[in-house]
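Go by the hints and put chain U onto chain H.
First to last, the sequence lines map onto chains H and U. Numbering-wise, our numbering puts 115 at position 133 of the first sequence, and it's gapless, one number per residue. Numbering-wise, our numbering puts 289 at position 307 of the second sequence, and it's gapless, one number per residue.
Derived from the structure by calculation, the hints contain no laboratory data. Among the hints, erroneous ones may be present.
Repeated chains share a single entry, so a pair holds when one copy, or any two copies, can fit it.
[Said to hold, decoys possible] Calculated lysine-lysine pairs in the DSS-like style (CA-CA distance at most 30 Å, straight line):
(1) Lys162 - Lys(-13)
(2) Lys354 - Lys250
(3) Lys162 - Lys250
Protein chains: 2
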Amino acid sequence: MRELKNAEIIAVGSELLTPHRLDTNSLFLTGRLNELGIVVRAKTVVGDNRHDLAALVTSAMTRADVLLTTGGLGPTDDDLTREVIADLLGVRLVEDQDLVASIEARFRLRGVKMPTINRRQAMVPEGARVVPNHHGTAPGLILEREGRVVALLPGPPRELQPMFDVLAEEVLLPRTAGRKVRRRQVKVTGRSESQVEEVAHPIYSCLGDDTTSVQTTILASPGLIELHLEAVGTDVAAVDRLLDSGVSALAQALGDVVFSTDGRSLEKVTGDLLRARGWRVAAAESCTGGGFLARMTDVPGSSAWVSGGLVAYSNQVKVRDLDVPAALIDAQGAVSEGVAVAMAQGARRRFGTDVAVGITGIAGPDGGTPEKPVGTVVVAVATDAVTVRTFRFPGDREAIRRHSTSAALDMLRRALL
Amino acid sequence: MRELKNAEIIAVGSELLTPHRLDTNSLFLTGRLNELGIVVRAKTVVGDNRHDLAALVTSAMTRADVLLTTGGLGPTDDDLTREVIADLLGVRLVEDQDLVASIEARFRLRGVKMPTINRRQAMVPEGARVVPNHHGTAPGLILEREGRVVALLPGPPRELQPMFDVLAEEVLLPRTAGRKVRRRQVKVTGRSESQVEEVAHPIYSCLGDDTTSVQTTILASPGLIELHLEAVGTDVAAVDRLLDSGVSALAQALGDVVFSTDGRSLEKVTGDLLRARGWRVAAAESCTGGGFLARMTDVPGSSAWVSGGLVAYSNQVKVRDLDVPAALIDAQGAVSEGVAVAMAQGARRRFGTDVAVGITGIAGPDGGTPEKPVGTVVVAVATDAVTVRTFRFPGDREAIRRHSTSAALDMLRRALL
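Okay, chain H solo, but in the shape it has when bound (with noise of 0.2 Å):
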């Protein structure tokens, strides 16, 4: 019997190809397929077109063991998935007895005669097996082929998703071999991909055995890179240590940029360490207006080391309630190290805080100067000492936001550390 290594995921329906919708049932179907160590090689969504459906059907059964249509199993001229499969796999659709009267029952106990286009839903690909549907009408239906497995879900999530145990627990489970899919993540702050990729490659490039091997991925967004390792196997324990080995070696040669490797965000990594040292923070926030301490705040339970914060967003309440020197201002310039620190302080002070973080720059798209431009940000945090950085960073208002709050967030970890 084949053995089932890797799945394809079609969705039919042309309401997916809008640009409102996005087909989530296929997060749900690789969740449940990676837990059997079934792996998606590929995930595709088709409008109802019998054309496309079969081009994409037959594409699709050249590469996968397991291939999952969800949709096209309504009643109307347009629900096609039924039979381009079985005209595909050469099988002729039979009326199902036992399911019309299933459903005639199902629109029985709604008090509804059932509409004759249903009895549609009762045509069964000859040798197909029949899932019954307690949520809905369509029924879904498996088939096999080559050691190949079809299976014909229906597209609505709560009907879907009980099919979905039925064909894992009786036809794909047996034919796992006992794989299974584990993963690690190692997060990065304050490093670009390229700079990560540069460090990271010659290690995850040379992880795995004879046996397993060690999948990569980078991620990266602003102030956020995250390597993705993933193995399959059939040791579980052997797997795990192997994936750990490559997260350790992973940290090591990173350092310190890297803050979480058991999948806790920057903001839950920090909190963690103020509640450790059981000590609490405040802000005092220009271009930020407040997102540095909505981050903080994200986490449950985050009143426990965040005591408050001002959104300084003219320099008036920088100077009547931090008291940064007006001076100082003028001198330095509102975006300084020397107003920072000064914000820092005065948030400190003010809100009586063990540690308090100041953030001024200039996020854009206009205030920027050929000394300043738009992009550059200066954090600073203070305890009973002080650390400040400048920093420049690429992209438009929002990435500038939230590349700064990222960065805070991070000088913040290392002053607990």
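Same frame as chain H, now just chain U:
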């Protein structure tokens, strides 16, 4: 010349085949293609796998007039799109010296030497048109084959989006025979999806005439319901009239919960109202932790109408910095109409603004009580007068915080009308 009627999109990247990520670029691209009257036939996500990518590109090129790929243009070994497509089209990859220079310059600007691996991003398939990347290192590449257009775009949205403008304007638009998709948006806050649907359905289901049909989609997120109207035609003026009449009818039926019919966000609408009055706003935030002002200051130029604010995450800060009477907190609790009003008034006094917002609530997951369950949020807006409302928002911490900032923006908007 082949008329461009339909497109396929292939997103490349193994990270998009995990259970945690969706390809959202395809939504942007679909929207923009639709504006050109180009329909999306199918869209696919494929991993960083040479064989699968080649098979899917080959298959798509038999169907689509326009093939867009996103991702896989980075500097690493994983990034295969350039090579695979050059291979399939039978052209060589040649290093483009101008590109090498511009990538080097980009790194220099940030004070970093270009890592050697980034040279890969200067490799161009022979005959391809290069679209410069002003937000990153990978250029876009446009090829044509038998009248079909193949465009390779980078994955990061802010790199891809401006490149699509170039592609649309210079390559696609001249070949769409004047078809246009026109769209309108009606944005609503403070109502649930079903409340909006109940009022809007009788109206939009009757839109359209003999020659043009109007498609309507309802999109819901915490604190925001959007109605999208869409129609296709060559007589743009007629299509616009049809859509405008629909927008008017919907706006009239829904009333003042409609805050925008011109695409502006709630943040922008509220900021524009403040600017029109020459007013400044301040805020005192508890459960939203700075999120309200972070949204207000998302809008470029917001320093003209935002003075600042106080994040009062502890009661002590509320009492000391906002003059909220401690006795009031004891009597009514920190989450109460009295305290929200005192916070708003305290912020207005302290920051000397025309208007101020106070927000206090229970975002969860802990801290709820039978009388004040998680999701209880009180918002006050103080001018010379005061308005205050108590909400009970559904959802998790993130949704409750988002609902809270939306409700505060909306109450501020109404106070300014």
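Hints, verified against the model:
1. For the identical chains of this complex, Lys162 and Lys(-13) are intra-copy neighbours only, at 10 Å inside a copy versus 44 Å across copies, given an alpha-carbon limit of 30 Å.
2. With identical chains, the CA atoms of Lys354 and Lys250 are at most 30 Å apart between copies only, with a shortest distance of 26 Å across copies and 32 Å within one.
3. Proximity of Lys162 to Lys250 under the C-alpha cut-off of 30 Å is restricted to the intra-copy arrangement: shortest distance 28 Å within a copy versus 47 Å between copies.
This entry satisfies every hint, going by the numbered hints stated previously.
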